[in-house]
Structures are given as structure tokens and as C-alpha cells.
Amino acid sequence: MTPTPHSRPWYDRLATMQAGYWYPWHATMGKWNGEDEYLILVDEHMGPDVDLLDVACGHGAVALELAKRAHSVVAYDRIAGWIERAQGAAQEQNVTNITYLCHDSSKELNGGSACLPGEDNSYNLLICRRGPWHWVEDAPRVARPGATLIMLVPGIRPLPIWNELVPEPLRWQAGPDDPHWARKSFEQRFAQTGIRLHSWWDFDVPEIFATPEDFYTLLAWGYAPGEVPSLAEAAPTLEQIFADHADSDGLEVRHVRHLWKAVV
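In this note's numbering, the protein residues as written are 6 to 269.
Honestly, the hints are just simulated from the structure, not real lab data.
We put the CB at the ideal spot given by N, CA and C, even for glycine.
27 Å max Cα-Cα, derived BS3-like pairs, lysine-lysine: (1) 266 x 36; (2) 112 x 189; (3) 189 x 266; (4) 73 x 266; (5) 112 x 266; (6) 36 x 73.
Label-pair distances were calculated between CB atoms; the ranges are: (7) 244 x 192: 42 to 48 Å; (8) 48 x 218: 32 to 38 Å; (9) 235 x 77: 45 to 51 Å; (10) 173 x 35: 30 to 36 Å; (11) 230 x 184: 32 to 38 Å; (12) 192 x 52: 26 to 32 Å; (13) 27 x 161: 19 to 25 Å; (14) 24 x 211: 28 to 34 Å; (15) 11 x 96: 28 to 34 Å; (16) 125 x 237: 54 to 60 Å; (17) 48 x 162: 26 to 32 Å; (18) 45 x 237: 36 to 42 Å; (19) 184 x 96: 43 to 49 Å.
Please put together the full structure from these sequences, using the hints given.
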């Protein structure tokens with residue numbers, strides 16, 4: 006049975022396919038894509054007095070770089086193999102102020118309440134890039150008064166006019182009708198926990214795929230062989246989509262991100 010994308014079973018299986026969490030396809034984006042702005046915003050809050058928690062850090066590459074500009078870093082993920090890779094990288098680079106933990110902070114594994122690693126008042130900066138949302142509920146406990154929270158949230162791609170031509174199950178499904186669904190959900194969580202939203206940014210920029218092969222890698226990401234049409238099977242349709250809808254740079258799809266900053 007094919008796991009639901011971005012469910013716990015889906016991530017468990019992805020860990021058997023990739024040695025870390027990254028996007029394996031090749032595409033180009035311009036400025037103001039959200040991904041770069043997240044890193045810039047986090048970097049603006051780094052300093053020698055920062056005790057940082059990186060939520061759902063994947064294979065830990067971002068946390069390892071940030072540790073060079075922090076007092077201390079704790080980074081965790083529920084995938085053991087990714088954390089082992091992160092620990093090895095920290096040892097190789099002799100970065101001693103970072104702790105990688107294999108930890109599951111979800112409600113399901115913690116008696117119905119999210120549980121972040123750390124004692125009360127442990128961190129003055131908490132970050133999360135493309136991770137789960139439940140961690141916000143326990144943030145006020147581990148955060149110091151006045152601590153900053155920063156998160157990058159993947160948005161829902163608008164369905165392109167050629168989407169119905171894409172073979173199932175590679176075809177994208179429609180998302181929520183309300184374009185502000187993510188912000189409303191977080192605002193509700195903030196209200197329940199006493200967190201104050203400082204800023205919210207929305208990003209919607211072109212993501213350009215130069216070849217049908219690159220685009221297929223995006224569509225088939227996370228699927229096992231046999232669950233979706235192979236590249237050879239999908240190629241005629243994808244090549245026709247490129248012929249009809251791509252320009253000289255490639256095929257455009259929308260890249261949507263939400264970025265927020267909050268204060269405890």
C-alpha cells in the first residue's frame with residue numbers, strides 16, 4: 006500500500022531511499038522564493054549568545070552550519086539514519102557545540118501532547134524548515150521569555166492547466182480552497198499557546214524545470230518502483246506537455262512557501 010505523502014510511514018520509507026532529507030530534482034528559481042529568505046532570516050538572529058533548537062532537522066546540514074555562529078545547538082529528527090549521518094558530519098568537522106538527537110516530538114508518541122527535547126527555558130531561538138506543525142504547542146515551555154520562533158511552511162501549488170494530462174497517480178490533487186488556510190491554522194495554535202505572531206510572508210514564484218526528466222523526478226519523489234508509471238512510460242505525455250506549455254527555459258510550475266516569525 007502506498008503511504009500518504011508526508012505521513013509518518015512516507016517519511017519512514019523515504020529514509021530507505023535517501024540518506025537525508027533533500028529535494029532530488031533539478032530546477033531553477035529566482036529571488037524571493039521563501040527558501041533563501043528563511044535562511045537569511047534565521048542568520049539575522051544568530052549570535053554567540055544563541056541557544057538554538059532546530060526542529061525536524063533531517064540530516065542536520067543547516068543546523069551544523071548554524072552551530073558555527075551560535076553558543077549551542079540542539080537539532081532533532083525522528084529518522085535515526087539521518088541523525089546518525091548528522092552526528093558523523095559534526096564529528097568530521099569537529100563541531101562540538103551541537104547535539105543531534107533522534108527524537109519524536111509528536112502527540113502520538115508523547116501521551117497526546119507534543120514534547121520537544123529540552124528543559125524549561127532552554128532556548129532563545131527555535132526554527133523549523135518544512136517540518137511538522139505540532140511542535141509549536143510545546144514551544145512556550147522550552148523557550149525563554151522573548152525567544153524567537155521561525156518556520157518555513159511549504160504551500161499548495163496551484164494546479165496548472167495541463168495537470169489533467171499527467172498520468173495517475175503522478176497527477177497533483179487540489180488543495181484547500183482558502184489561500185490563507187496555513188496562516189489561520191497557525192494563528193489558532195498561537196492563540197492557544199500565548200505565542201505572538203510578529204511577521205508572516207507569502208511567496209509564489211516560478212520554478213522552472215529544464216527537461217521532462219527533471220520534472221518526472223519531482224512527480225515521482227517518494228514513490229517506490231511499481232507504484233507510479235516509470236519514466237519511460239510517462240515520457241511521451243511529459244514530452245507533449247513540454248512541447249505545448251514550456252518555453253525556451255523549461256516548464257514552469259509555481260513554488261509556494263509561507264514564512265513566519267513569532268515571539269514567546
